[in-house]
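Peer 1: The primary structure of each chain is shown beneath.
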Amino acid sequence: MNSLRLILHEFRFDQKVFWRNPSSVFFTALLPVIFLVIFATIFGGSEIETLGNLDTTTYYIPAIITLAVVSATFVSLAMNVTIAREAGLLKRVRGTPLPAWVFIAGLVGNAFVISLIMLAAITVIGAVIYGVAVPWSHLPAVIVTLLIGAASFCCLGLALCAAIPTREAASAITNLISLPLYFLSGVFIPESEIPDGVLTVAGVLPVRPFFQSFLSSWDPATTGPGIEWGHLAVVAAWGLFGLLAAIRWFRWTPRG
Amino acid sequence: MASPVITIEGLRKSYGEKEAVRGIDLEVQAREIFAVLGPNGAGKTTTIEILEGYRERSAGRVEVLGVDPESPTRLWRERIGIVPQITTLQPYLTVRESLDLYAGYYAAPRSVSEVVGLVGLEGQEGMRAGKLSGGQQRRLDVGIALVGDPDLLFLDEPTTGFDPSARRQAWDMVAGLRDLGKTVVLTTHYMDEAQALADRVAIIRGGRIVALDTPQELGGRENLPTHITFRMSSGDPDPVVPGLGAFVRTDEPDGPRFVLESTDPVADLSRLTGWALAEGRELRELEVRRPSLEEIYLEVTGEGPA
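One line per chain: the protein sequences are S and R, in this order. The numbering of the first sequence is our numbering, which starts it at 1 and goes up by one. The numbering of the second sequence is our numbering, which starts it at 1001 and goes up by one.
Among the clues, some could well be false.
[Claimed, not checked] If you want the ones that stay clear, here's a sample from chain R, every Cβ over 12 Å from chain S, calculated:
{"id": "1", "residue": "Ser-1058"}
{"id": "2", "residue": "Gly-1066"}
{"id": "3", "residue": "Ile-1086"}
{"id": "4", "residue": "Gln-1090"}
{"id": "5", "residue": "Trp-1171"}
{"id": "6", "residue": "His-1189"}
{"id": "7", "residue": "Asp-1236"}
{"id": "8", "residue": "Ser-1270"}
{"id": "9", "residue": "Val-1300"}
{"id": "10", "residue": "Gly-1302"}
[To be verified] Estimated spans, in silico, between C-beta atoms of each pair:
{"id": "11", "chain 1": "R", "residue 1": "Gly-1126", "chain 2": "S", "residue 2": "Asn-2", "range": "27 to 35 Å"}
{"id": "12", "chain 1": "R", "residue 1": "Arg-1012", "chain 2": "S", "residue 2": "Ala-237", "range": "28 to 36 Å"}
{"id": "13", "chain 1": "R", "residue 1": "Asn-1040", "chain 2": "S", "residue 2": "Leu-240", "range": "39 to 47 Å"}
{"id": "14", "chain 1": "R", "residue 1": "Ser-1071", "chain 2": "S", "residue 2": "Pro-195", "range": "50 to 58 Å"}
{"id": "15", "chain 1": "S", "residue 1": "Asn-2", "chain 2": "R", "residue 2": "Glu-1019", "range": "53 to 61 Å"}
In case anyone wonders, no lab produced these hints; they're calculated from the structure. Every residue, glycine too, gets a C-beta built ideally from N, C-alpha and C.
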């Protein structure tokens, strides 16, 4: 009970810091919406034959949700926690009675809430502006995908912190990993334009199966509950790898 | 006497081949303001970080508030406040929010408004930490360390990089901690800071304590001779004063300067001025000066000309 109160305390301040930081608001909250508008404008109105003539605008809703969640979890944590570590903030917190796991739980809780807000916002924009139906019948699948995906990408983000040596390298290394994954996974370019071999490789990396799980929920052709356990297992396996790596290599103190 | 707040016996710390701390013994008593002074790389920060529970030692025994800092407990952390060497604030939180955030980590925190007053940030409560001046940020740093109402406070170089007026303000604040009954351990490069604040000073050099005493008595300062200095006009004959020893003469463009090392400055000064009045001689730029802590420091750290 006391721990829960502390996590909420931590989370409340993490929220303030997130919304007051212009770079996190722009890159995490606004950029996905801008991408949605651009892609829907350029590629919207056509159909993807390989996906049973799925409407391209419908395709981009789960694609941009994937981008937004990965950005709110993996990218945000890798960059912000590295910056906080190099500034000595993590070390300072370690010198207080606050348990380390509560500190991490606050950040992860913040990443989950931002992910949920972005999922809701993009779904609503898709429905109101582009007339893409809200997948109410697949709501459980959407939530399961969000939870497994957000948890896994948080773990990967914290693991990546350990591999980033300095504050200056944080943005470069994180983007170097995330941007190619978006392209290879069909998040930016419709997957019909991507060679099969590339898609096969992307399928064992974490972003593509996460995207496919969301895509299945938005695809009107999907029957049944639409929970893609196979894809989610790949995402969760990556998450577990991230968790173990983070436990093994996470640093609280700046370099030197 | 109550047991010491900090006990260190035979403390050693090596980083690979390099021995940063080479055998330190020390006790710090409750309510003491204790300064650790030394040049960069002397082992100050290593020692402090061992006491704070951030680093493991290679050898020796350490007890801080009755606990070995290598196995810190939550309860122990409640009683310790740490001001790190570099300012570490969340730039997007205001002064009040920063203090609220850290206050939430402690079972019995001090009231935030009171801490704002203690560190002299009244009127700045709504200002974001990132917008404060360097001196104000440092005071917020101290406020964050105080908000848990610790018994023992570590200040690692609290005024490095400050302008003189910000340093004065910071000194007043640390002096105020004494009235709260806190035990304070601070590291500094600055002699005058140690002199102004500390009850006792340890000078560390090469991982060892080379001097440990009150600022008044450090390095046998009490027993060192006082310097009586003055200058005469170029053409004048050298002073020969009955009852006084030889002057050391230095030739300077404006006339020779004479220095007398005196162990009884009151009597010697009286003889000197009596002689000058009787002879009608002028003692220009007359100065009586005890060796400064700075000179002692340079001597014991081996950095000075001596």
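Peer 1: Could you check that no beta carbon of chain S comes within 12 Å of the beta carbon of Val-1300/R?
Peer 2: With a cut-off of 12 Å, Val-1300/R remains clear of chain S, as the shortest Cβ separation is near 28 Å.
Peer 1: Given the range 27 to 35 Å, decide if the beta-carbon distance of Gly-1126/R to Asn-2/S lies inside it.
Peer 2: holds, 30 Å
Peer 1: Quick check for students: does the CB of Gly-1066/R sit more than 12 Å from each CB in chain S?
Peer 2: holds, 17 Å
Peer 1: Does the claim that Asp-1236/R lies off the interface hold, with its Cβ farther than 12 Å from every Cβ of chain S?
Peer 2: The claim holds: Asp-1236/R sits with its nearest Cβ about 60 Å from chain S, beyond 12 Å.
Peer 1: Quick one: are Asn-1040/R and Leu-240/S within 39 to 47 Å, going by C-beta?
Peer 2: holds, 45 Å
Peer 1: Please verify that the nearest CB of chain S lies beyond 12 Å from Ile-1086/R's CB.
Peer 2: Incorrect as stated: the minimum Cβ-Cβ distance to chain S is 5 Å, not above 12 Å.
Peer 1: Was Gly-1302/R rightly flagged as not at the interface, with every chain S Cβ beyond 12 Å?
Peer 2: Given that every Cβ of chain S is farther than 12 Å from that of Gly-1302/R, nearest at about 26 Å, it holds.
Peer 1: Would the non-interface assignment of Gln-1090/R survive a Cβ cutoff of 12 Å against chain S?
Peer 2: Not fine: 6 Å to the nearest Cβ puts Gln-1090/R too close to chain S.
Peer 1: Regarding the assertion that His-1189/R does not contact chain S, is the least Cβ-Cβ distance greater than 12 Å?
Peer 2: Fine: 19 Å to the nearest Cβ keeps His-1189/R off the interface.
Peer 1: 50 to 58 Å was suggested as the range; check whether the CB atoms of Ser-1071/R and Pro-195/S agree with it.
Peer 2: holds, 57 Å
Peer 1: Test the statement that Trp-1171/R is away from the interface with chain S: the closest C-beta pair must be farther apart than 12 Å.
Peer 2: holds, 23 Å
Peer 1: Take a look at whether the Cβ-Cβ distance between Asn-2/S and Glu-1019/R falls inside 53 to 61 Å.
Peer 2: violated, 43 Å
Hints 3, 4, 12, 15 from the earlier list are contradicted by this structure; the remaining hints agree with it.
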